[in-house]
Amino acid sequence: MPSSHSLEALQALRSATFHWSERARLKDAAAIRKFVDARGVCMLFPVQTMDMPNVYQAVAGFQKDMTAKHDDHAISLTWNTKDSALDKRWWYYGKLLRAKATLVALDLLPSFYALSENFGNDEEDYLTEYQAGTLSAEAKNIYEALLKHGALHAIELKRRANLYGDESKGRFDKALNDLQTGLKVMPVGVAEAGAWRYAFVYQIVSRWLPDVPAQAEKISRQQARVSILRRHLANVFYCTPRDAGRIFGWSAKETAAAFASLVEQGEAESGATVEGVRGECVVAVQGRRARAKRR
57 MPSSHSLEAL QALRSATFHW SERARLKDAA AIRKFVDARG VCMLFPVQTM DMPNVYQAVA
117 GFQKDMTAKH DDHAISLTWN TKDSALDKRW WYYGKLLRAK ATLVALDLLP SFYALSENFG
177 NDEEDYLTEY QAGTLSAEAK NIYEALLKHG ALHAIELKRR ANLYGDESKG RFDKALNDLQ
237 TGLKVMPVGV AEAGAWRYAF VYQIVSRWLP DVPAQAEKIS RQQARVSILR RHLANVFYCT
297 PRDAGRIFGW SAKETAAAFA SLVEQGEAES GATVEGVRGE CVVAVQGRRA RAKRR
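Just so we're aligned: 230 in the numbering used here is position 174 of the sequence shown, and the numbers increase by one with no gaps anywhere.
Since the hints were derived computationally from the structure, they do not count as laboratory data.
List time: in silico DSSO-like cross-link candidates among lysine-lysine, alpha-carbon distance up to 27 Å:
1) LYS144 x LYS156
2) LYS274 x LYS151
3) LYS83 x LYS120
4) LYS309 x LYS156
5) LYS309 x LYS151
The following label-pair restraints were derived from C-beta to C-beta distances:
6) GLN279 x LEU183: 26 to 32 Å
7) GLN187 x LYS230: 17 to 23 Å
8) SER224 x TYR254: 17 to 23 Å
9) GLY322 x GLY226: 47 to 53 Å
10) GLY322 x GLU248: 51 to 57 Å
11) ASN218 x GLU273: 31 to 37 Å
12) THR190 x PRO266: 23 to 29 Å
13) ASN218 x ALA251: 16 to 22 Å
14) SER224 x ARG298: 33 to 39 Å
15) ALA251 x GLN187: 34 to 40 Å
All residues carry an ideal CB built from backbone N, CA and C; glycine is no exception.
Whenever a hint applies, use it, and build me the whole structure from the sequences.
This is the structure:
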């Protein structure tokens, strides 16, 4: 019989995992790296309607709202660590989930890659997507510029892709986002270029992280979704299938199948109710154990 869970108890577990406390807050780049590795997948900054850990609030040590202040410590450490780590291959960084700044630990990245439309190390696969109409002409031009010229900063990439100028800015930005959500390209550095003397350097994912495609080939799509949900549920402790599917861009059927596998393996409980949360939830075994201890 499905059980009922205390929202307060589950939120306390989530707060600890998200490092929402002064004692647990992240104080330096090494701590941030350890946090990302442990979480598996997280956001750089908080994103409304996405219940996921994020680096910014873990650095602050509480549910801190975003600020435009340049002297804010949490903003500075979060942003500077992200920039300085781009060329270190600590993790995957890019606009992956819902085109927002996402960090993925390298051990989990092959699972995300297995769910993409990329196939192994064949750099010509993009043509299949283009011919099918799922890759825009602008994205094709950007990808081909990187194929031909190697890593390029955004200003030069615009020129090489024939997307330079204010009239092309929107199309360039959208195409670059699409390539990142499709795990085709990623930022790998920062160059002093453009009016602001700051521009991301982009490279093809399979060139920057050449081991990932081969690792992904051994993972089925079902296995990939189960691995991702396992890490996600270990971070958040409870969620509705609808919310998880929306975060990762999966259908209701795909999400349900992945959760069913976790339930079958004894790692989660489905059909549970959480006080104050609409709809049936999936609860991690850690949350169930915490509930038992509080009795």
